[in-house]
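Student: Build out the structure end to end from the sequences listed, making use of the hints.
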Amino acid sequence: MSRGLIILLVLLLNSAFAHSNSHSLGDEANALRAAGKTFHKSISAIRKMHPELLKHKRDKTLRQGIRTDESSLKGCVNCHSGKNDATGNYHPINAKDQFCSTCHQQVSVSVDCFACHRTTPSQATIAKQNTAAEPISTNTFTAEEVDKKGDDDE
Amino acid sequence: MMMSKKFNRRDFIKASTATTASVTAVASGITLTTFAASETPVTNEKRWGMLVDTNKLSENDIDNMVSACQQEHGWGGEIHSTNEQKPAWIKNIKVQDKATKKITNLPLMCQHCEQPPCVDVCPTNASVRRADGIVLVDKHLCIGCRYCMMACPYDARSFVHENLTEQKEHSPRGKGTVESCTMCVHKVDKGEQPACVASVSAKSDAVIFGDLYDSSSNINQTLKQVQSTQIRADMNLNTGVRYSGI
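Protein chains in written order, with the working numbering: chain A, 135 to 288; chain B, 10 to 255.
Calculated directly from the structure, the hints in this document are not laboratory data.
The structure presented is a predicted model; accordingly, all values stated were derived computationally and were not measured.
Be careful, since some hints might not be right.
Stated by the list, open to error - Calculated pairs, DSS-like style, for lysine-lysine (alpha carbon to alpha carbon, straight line, at most 30 Å):
hint, chain 1, residue 1, chain 2, residue 2
1, A, 189, B, 110
2, B, 55, A, 262
3, B, 184, A, 208
4, B, 199, A, 194
Tutor: Okay, structure coming up:
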C-alpha cells in the first residue's frame, strides 16, 4: 500500500517538474536565457495558451497574409530546437525528449504540426544564427519586465 | 451576473474605473509587442496575376521554371510515389495545332481563378481564395478527399502520398493533403516575385507577374496592348494566369 503511494507521489512530482528540464529548452532559447533575456512576456501564458495562439496565427497567416513573428511556429522551431553535439545536426523538435515532446509525452498528447511543418531550423536560419553575435530575436524582455505572476500554478 | 441591491451607483463607478484601468494596462502591453512586419490583412484592391508569353519561352525555360518551383517548395523528391502519384505544382504542357502541326510549349500551374471550382467543392473550407486572388489549400483543414483535384479543369493540384521530412520552412507539405501552386505567396507578401517568374525574368520578359488591377503595373499595361487569353476561358473562371501566343 505504502509502496503504491510512493510511486504515485513520484509520478506526481515528475509531472510537476517535467517542464523545468532546461536541457531540452533549445539552443537559441538557452542563449537568450544566458543573456538574461526572455522572448515570452509570461511563461505561464505561453505554456497554457500556445495551442490557441498558434491556431489563431495560422489562420491569420494563411488567409490574411499576416506574417509577423508573433506566435509563429517557425519561430518556435528556430529558437527551441537543440543541436546534437556529436553530429552538429539539429534534433527534430518533435523527437523524443526534445522541446515539443517533453511535455506532450507527459500528457499523452500527439502533436500534428510536424506532419507538414519543418522540424529543424532551415540552413539559412542556422547560418544567420551562427553569424550573429547575439541571439536573434525581434522581441525580448529583460528579467525585470517578465510577468512572473502565475508561473508556478501549473 | 446578479447585481445585489447594495451595489449602488458610487460602487459601480469605482468598479468600472478599475476595469478601465486594467484594460489600458493590457493595451499598453499589446503595443509593446507589436512588430514591424505587415499586420494588415490582404485586400481585394489587388489581384495578383501572371502573363505568360509562350512565344518567348523555350522548352528549356519552362524546365527551369519547373525546377525553380521544385527548389522553392521542395517537391519532386518523393521516392515512394508512382509517376501518376508524384506531385506536379507546375508542368510543361505541349499543345499541337491539328492543321499545321505547330507545337507550343506552355507552363501550366494553378490558374488562380476568380471563381475557383476547387473552392466551390471543398467540404471543409480548406480550399481558399485569398482576397488578393491567390488560391491556396489550408492543410490544417484539408481532409484529403481530393474533390478539388476532380473539380479543377487544369489538373493543377496534387496529393501527397507519402510521409515527408525536411520540408521548406515557408512551404509546409504533408501526407494526406492536397497541394498546388501558391503563387509563392510567402514571397509575394514580402514584395518579391514568384520563384518561376524570377527564374526567367533575368533573361527575358516572357513571364510577367504583378497586380492586374494596378494600371501602372507592367502586367496591366502589357495586357492592354497584347492579345492574350485565358485557358478554358469558356468556363468564365476569370483566371489570374493569362497566356499570350497560344
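Student: Compare the structure with each hint and give your call.
Tutor: Here is what the structure says about each hint:
1. 189(A) with 110(B): Not OK: residue 189(A) and residue 110(B) at ~53 Å, beyond 30 Å, violated.
2. 55(B) with 262(A): Violated, because 33 Å separates the two Cα atoms, which is more than 30 Å.
3. 184(B) with 208(A): holds, 20 Å
4. 199(B) with 194(A): It holds: about 16 Å lies between the C-alpha atoms, which stays within 30 Å.
In this structure, the earlier hints numbered 1, 2 are contradicted, and the remaining ones agree with it.
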